[in-house]
Amino acid sequence: MSASFLRMAFLVSLGLCALGLLWRVSAWLRVRIGPDARDIPFHQRLLAAVRGTLATLVSRRTPGVLKAFVLDVFLQRRLFGGSRLRWLGHLLIVNGFLLLLVMHALARLVTAKLYPDYASTHDPWLFLRNVFGAVVVVGIVMVVAGRLRRPPSPPRPQRPMDRVFTALVAVVLLSGFLLEATKVASPKAFYRMANEYIGSTDPEELLPLRLAWATDFGVAFPDLQGAPDPDKLAEGRELHHDACASCHSPPGSSAFVSYPISRVLAPIAEPLDGIDADTWLMYLHLAACFLGLILLPFTRFIHVLADPVSLLANGAASAGPLSPVGRANRRALAIDACVDCRLCDDRCSVAPIARSLGNPALLPSHKLLATHAVATNPRWLDRQAGHARRIAEGAVLCTTCGRCTDRCPVGIDLADLWVAGRADLARAGQPSPAQWVRERSALDWDEALAVQTAAQNPVGPLSSRRETYSACVQCQTCTNVCPVVAHGGEEPGGMDLTPQKVMNLLRLGMIDLAIGSGMVWDCATCYQCQEHCPEGIRVTDVMLELRELGYRRLGDTRERRQRE
Amino acid sequence: MKYALFLGCKIPASVPAYELSTRAVLGRLGVTLVDLPFNCCGYPVRSLDREAFVFAAARNLALAGAAGLDVLTPCKCCFGNLRHAQRFLDEDPALRQRVETALAAERLALPAGVTVEHLLPVLARKVGLAAIAAAVTAPRTGLRVVAHYGCHALRPSDVTRFDHPLAPTIFEDLVRVTGATPVEWPRRLDCCGEPVHDANPSLSDRLTQAKVDDARESGAEVLATACPYCQMRFTEFQAAGSAAPLPVLLYPQLLGQALGLAPRTLGLS
Amino acid sequence: MTQTQPKTWDVAVVGAGMAGMAASLFAAERGLSCLQIGNGGGLLFASGLLDLLAVHPVAGRRLWDNPFEALAMLRRDQPDHPLARVDDATMRAAFQSFTTALGAAGMPYAPPGDRNANVLTSLGTAKPTYGVPRTMSAGVGALAGRPPCLLLDFRGLREFSARQIVATIGDRWPGLRMARVEFPGAETTAELYAAHMAVALESGDFRERTIARVRPLLGDAHAVGFPAVLGLARSGAVHAAFEEALGVPVFEIPTMPTSVPGLRLNSALEQAVVTRGVHRMLRANVTSAAFDGTAVLTLDGVPGGETVSARTVVLATGRFTGRGLTAGQQRVTESLLGLPVQQPASRAAWHSRDFLDPAGHAVNRAGLATDDEFRPLESDGRPAWPGLFAVGSILAGQDWMREKCGAGLALGTARLAVDRIARQLGVPGPLAEAG
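Quick mapping for you: the protein sequence lines, in order, are chains A, B and C.
Counting from 102, one number per residue, gives the positions in the first sequence under the numbering used here.
Counting from 242, one number per residue, gives the positions in the second sequence under the numbering used here.
Counting from 3, one number per residue, gives the positions in the third sequence under the numbering used here.
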């Protein structure tokens, strides 16, 4: 492969990556999450971003930003607080990769400029490359172990691009080590070098050097078996010292990862040479690197870029509340900043409710995807057949307690995102049940139920027992003490039912008419009726149970209607 | 005296001053608070799924039980909800069985005798009015205060056992002990409007307006609350209005002032 | 609820109706530690008017102006009637204490005297009664003198029609007029509820807007009658504000139960007993009782179950609606302790053939037979337990609805029983309002 082709491939990949990045980064100014973000034009958001960046760079906030950079970006303080194991793993991966990138991948641009005697096969570079590679592998093992140790959480759909990218990273690491190991053991590589630097490919002529390389460097010459002649070996070592040593360190101790691999490969070194394995591995290694570079912007690994921006923006924002435009940018940025670590799920206040309901849509990591999807794709919710209500449950039941925000290692203001996302969901036809019930009157709901459900669903534990309400003497006390009736009357039409009428409907077995009523859903749950009832009827508890029934029954009906 | 402090979801996120002032006041009065990894009390899901609400509450009770502590919460909705869950567990053996199974999967168990208490009864009956009076160093003499009771702590009285449902005195007693003057107001037991805020904002506004008007008409200088939801409702509602707001204080802030605690430690500027 | 609870209560009152509340109130005023158990709420059906005794004998439907004269007659005619066992002084003291306590709790009464008062009802009839809330007392004079008066009702308040009152009594009250007004802020509302209006009228703004609508209608009226909606917790103040603004006496006309005065009475009585230190366990039920040196009551409706002990017990569980008595297939039984019930010999004798028989029905005189101290008797004629008392409508030999003596029965018997309890426990005579 020619150097110019390589350079061109690299430049093309870099260019594509840059375009991809531009597209993704521009999303931080394009994506609109939350109703307050809806009407902000692009140029305003760009302006706010530029202004924010400038203000961050040159202002009194600079110390705060610097601190954020050191503590949060560089040292990952927030992750440290969340999980030590994952913090260490992450630190190893990031820094191992970064060092490999700078020292190895960009060797010609960086290392060779700084150290004129740079040679990739010479220590310390050979040793360091193995160290950095090993560091990344250890880091990955730690992160994976950390994930496995967590209590099992419901699976979450992953973007396919993420899987491809993860596979590419594995390919890069694996092919890198394999390439090194193959080259170590390869006689063919030896002859290539010998030809270049000594001008000979004659096995007999090169015998002393071959003996030295077989002994000290592990090249697997098939014809050299048994103990070498000490004189020839000494001769070879001398030759090595003159011709090769300036570029090659013995890999036995330096390449502590690839050398052991090369021992495994040694028996098949000849067939590997026969198929030019080292060349193909090189192609594979480079192709994976270039492809990874191109794909990077479209994976969640965009977070390597988004996170520092997010954390720095936090450092800058700590001085005061953000403007609405700034908030819109932050929300869009948040989608890319998420590293899918799911530490938020662990702390989520309603996680036990999610478990009890069997609905993972309540969990922050799931909600983030849904929030993004709803904001960017108006049709997405329609395609979640049968799941729209469960997704809405996630938004409705969030208590905005902010624990996820506190826990997020990259400092995303998740609570703000949920508030915005809830409003977007409402716009997309999934407001809270108390709101959608009002789309129709109690009579309409009753009619719809009568048409669509032949058999009555099982009712709740209170409403199913006659004793619950059979004592009702319709004395109106509940209605008389009800603040909702007292204050609801000022709305056009007033309340559709009063509490005592709801009790009467129960007595008459007309539960379907009650569950869609404004009274049931406007109930302030103040328990005045229950407290005052002379017959001790649990009026408010019944109201709450009717809501639960209504949510299920009317929700089914509504979903069916929406599908039709 | 030692309790597991149940803050719930709203206090840390939206009313941090309540946590600050509660800790400060109870610390001064010799009550030890322990933090446990509690989850949501279950209140938000009560309307949608009874079992999920009871499970969420039961999990908290189990955590407290494992620590051998009773629960103290400053939130009236958490308080009422946790007590309701206890009632449902008591009266529905099948539900109890399912909840116990779900808890067992997390190596947790329903405790036998965990008591859920609200901040006010703990102050009035466990710490005691006399002990508080003895600790008051800067009485709020002359300050006219209306006490807002909050529905979910007061009613239904057979579940909450907070005070006499029609003629409660506990909050006024606690106001009096700070040296302030509790002011009688007809709507003291009414709803603050918060629970219908999402479902019907205009109804919620009318409920809150009636309360605030009544408090003003009764000659109050301060409206005292002991619940984050009520506190948020009164503050946010008045902030949106044009009139100068009637100051709304969380009870431990009022008490903290009387105990001579620094405003900063009470979340007061 | 703030006070500490004793191990053994002086008195445990079972029941939270008028008699139970009265017994708790009187016990607390005596300085006795008192626990009250039982479902409240029955008071919501009360009208706020306190009848002492207005009709005797029932068969003759004889109405009495002076309830104490009626009592004297009753003692002669029916010595086994519970009221026959209550002397005048005890009865006066009972009403005095009770109405004073209600006044302090925001529901003032006209000072009780010697006479029954006739109160105009929402049906247009005159009802004789003894204790009249101050918000209604101006109506008594108006009904007696019949000067030009204005009666008001509100569009949407279905339970009260001034038109019907005028139609019923107008021919005998020439100056009586009616007018209908819109309740402020409810102009588009179809149906109004009295309690909501009462609460609204506690706000100065609503009051002024209502008064502004009434003032132009006054004309020659010497007094103005309203349905009983003038305030809930502050009815005294609301009523006074109306009188001051309108410049004429203002009176409420009691509405059909459940009414605003019932809600007032319910809250005011709770406040009265609570502020006097009574410990209440609402929504709790006594499931069983054992009597030895003390009474040990087992309760349900309390988390985990509970037992309480008391030196004396007052049974104020009411008759059939209060569930103190249970009407079985053949027999009436006492629901809690299985005490013997004095009753007609057979079910056939429970009711008169004529549903509207002026003499009433025998089953309505069923109840517990007691000694002169209101201690229920076993079948052998001895008190069931020395510390067990029964008060109010569970007592045999009375028909309080027809005799119009509900409050008199509740208050008088409760007062006397508490006097006896105090003596039994060695507590010196009445501390307050010595009768």
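Calculated from the structure, these hints are not laboratory results.
Heads up, a few of these hints could be off.
[Said to hold, decoys possible] What follows is a set of in silico ranges between Cβ atoms, one per label pair, in the way DEER data are often shown:
1. B/L370 - C/T10: 55 to 65 Å
2. A/D263 - B/M242: 45 to 55 Å
3. B/P257 - A/W481: 35 to 45 Å
4. C/T10 - A/R567: 34 to 44 Å
5. A/Q485 - B/P257: 48 to 58 Å
6. C/T328 - B/P278: 49 to 59 Å
7. C/R77 - B/P334: 31 to 41 Å
8. C/P149 - A/S565: 20 to 30 Å
9. A/F143 - B/P257: 46 to 56 Å
10. B/P334 - A/M611: 28 to 38 Å
11. B/P334 - C/F357: 43 to 53 Å
12. B/L370 - A/A246: 20 to 30 Å
13. C/G33 - B/M242: 30 to 40 Å
From a predicted model like this one, the values you see are computed outputs, not experimental measurements.
Beta carbons: idealized from backbone N, C-alpha and C, even for Gly.
Quick rundown of the hints versus the structure:
1. B/L370 - C/T10: 55 to 65 Å: With a Cβ separation near 25 Å, B/L370 and C/T10 fall outside 55 to 65 Å, so the hint is violated.
2. A/D263 - B/M242: 45 to 55 Å: Holds, at about 52 Å.
3. B/P257 - A/W481: 35 to 45 Å: Holds, at about 36 Å.
4. C/T10 - A/R567: 34 to 44 Å: Holds - the Cβ-Cβ distance for C/T10 and A/R567, about 40 Å, lies within 34 to 44 Å.
5. A/Q485 - B/P257: 48 to 58 Å: Given about 36 Å between the Cβ atoms, the range is violated.
6. C/T328 - B/P278: 49 to 59 Å: holds, 52 Å
7. C/R77 - B/P334: 31 to 41 Å: violated, 56 Å
8. C/P149 - A/S565: 20 to 30 Å: Given a distance of about 59 Å, which is not inside 20 to 30 Å, the answer is violated.
9. A/F143 - B/P257: 46 to 56 Å: violated, 36 Å
10. B/P334 - A/M611: 28 to 38 Å: For B/P334 and A/M611 the Cβ distance comes to about 30 Å; the hint holds.
11. B/P334 - C/F357: 43 to 53 Å: Distance hint for B/P334, C/F357 holds at roughly 47 Å.
12. B/L370 - A/A246: 20 to 30 Å: violated, 56 Å
13. C/G33 - B/M242: 30 to 40 Å: holds, 32 Å
The structure fails hints 1, 5, 7, 8, 9 and 12 (numbered hints given earlier, in ascending order).
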